[in-house]
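Number of protein chains: 2
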Amino acid sequence: MTGKIITISRQFGSGGRTIGKLAAEKLGLRCYDREIISRIAMDSGLAEDYVSEASEHTEQGGLFATLGEADYMGSSNRLTIWSTQCKVLKEIAAKGPCIIVGRCADYVLRDEYDLLKVFLYADADVRAERIVNEYGESDVNPKKRLKDKDKRRKAYYEIYTDQRYGDPLNYDLCLNTGTFGIEGCADLIADLYEKQLKK
Amino acid sequence: MTGKIITISRQFGSGGRTIGKLAAEKLGLRCYDREIISRIAMDSGLAEDYVSEASEHTEQGGLFATLGEADYMGSSNRLTIWSTQCKVLKEIAAKGPCIIVGRCADYVLRDEYDLLKVFLYADADVRAERIVNEYGESDVNPKKRLKDKDKRRKAYYEIYTDQRYGDPLNYDLCLNTGTFGIEGCADLIADLYEKQLKK
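If you read the protein sequences in the order shown, they are chains A and B.
Residue numbers 222 to 420, in the working numbering, belong to the letters of the first sequence in order.
Residue numbers 222 to 420, in the working numbering, belong to the letters of the second sequence in order.
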């Protein structure tokens, strides 16, 4: 136990990354996000883009579905990525209080660390508008992009964690970012964290 | 639109009723809870105990499953209760800002009123301890009591609302009452409500 860590799980397009960064600034904590991917890549010897892509994908039919030979390398790499991810998350957590966005940190760190586990989500309309503003237009309709990403994140989370994605019971706090706004959610998380530290 | 209303949905044993009452005191609002049952009973001519019991039950197989003759009266009453419940909730909401605990108010009022929709939950251990402290021991193991009640609430909510019970997307805010405590949750809800009013 090294002090409370905030983990942020989030739906694609809900603004989780920005909220994590803002809350970290308010609290004077470090926020880990893309950096975790770089570290996994470095530790595993796999390319960063490959890690980024693979760490939200699973094979059709689940991680341990019967594998054709062509799939073997991909699956082996995915297991390497997952075990490296667990190691990297624990190294980060061991350094003390911080904010970690994504990467199933809520699950990986749940038994060994004191966590404030947050889930951020929003209505599809709000998220569709946000991804177009943040990531630009694409050939694919924004609602379709959301649907694909939601499906992948859900599959990834559920296969590795054995918990239901987006089930409030996995978290201390779930916030609709469409209701409270990006700044509002960051304030709320920072306030709650400070209140809990005072106890 | 008559001003913001807080709806509190809650898992059995999570302390939702107490939190609603406390938040209402802090905000100087009226909190509607058991009183809704009394009003439904009065309006429908059915006994209060019957309404209370029936309003968290559904027939095996769903509300509109094939009904035997013996079931017919029960089903007809349940539909009466539901339509009276919708009417009573809308009458309450029309009076202005307040807190409403349970009764699918989040769903019934969603299109016509400005709501802050809250879902309260907690781990089974926390809830089991709470129901023994609040409602006393019973012949039935507290975990079994929770499981039965969870199942009923879920079935009731999902049959009448066509939404998934406990899905964060139905709410603005979901709080684990085991993490923040009864008083802590009431403070948080009251603070958020006041902040939203200032916007």
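Accuracy of the hints is not assured; some may be wrong.
Identical copies look the same in the list; a pair holds intra-copy or inter-copy alike.
Stated by the list, open to error - No farther apart than 16 Å at their CA atoms in a straight line, the calculated lysine to aspartate or glutamate pairs in the EDC-like style are these:
1. K420 x E404
2. K375 x D388
3. K247 x D383
4. K420 x E256
Quick caveat, the hints were computed from the structure, so don't treat them as lab data.
Since the structure is predicted, the reported quantities are computational estimates derived from the model, not experimental observations.
Hint by hint, here is what the structure shows:
1. Taking the closest pair of Cα atoms, K420 and E404 come within 16 Å of each other only across two copies (13 Å); inside a single copy the shortest separation is 25 Å, beyond that limit.
2. When the C-alpha separation of K375 and D388 is checked against a cutoff of 16 Å, the pair qualifies both within a copy, at 11 Å, and between copies, at 14 Å.
3. In this homomeric assembly, K247 and D383 never come within 16 Å of each other (Cα to Cα): the closest approach is 33 Å inside a single copy and 40 Å across copies.
4. Proximity of K420 to E256 under the C-alpha cut-off of 16 Å is found in neither arrangement, the shortest distances being 31 Å within a copy and 36 Å between copies.
When each numbered hint is compared with the structure, violations occur for hints 3, 4.
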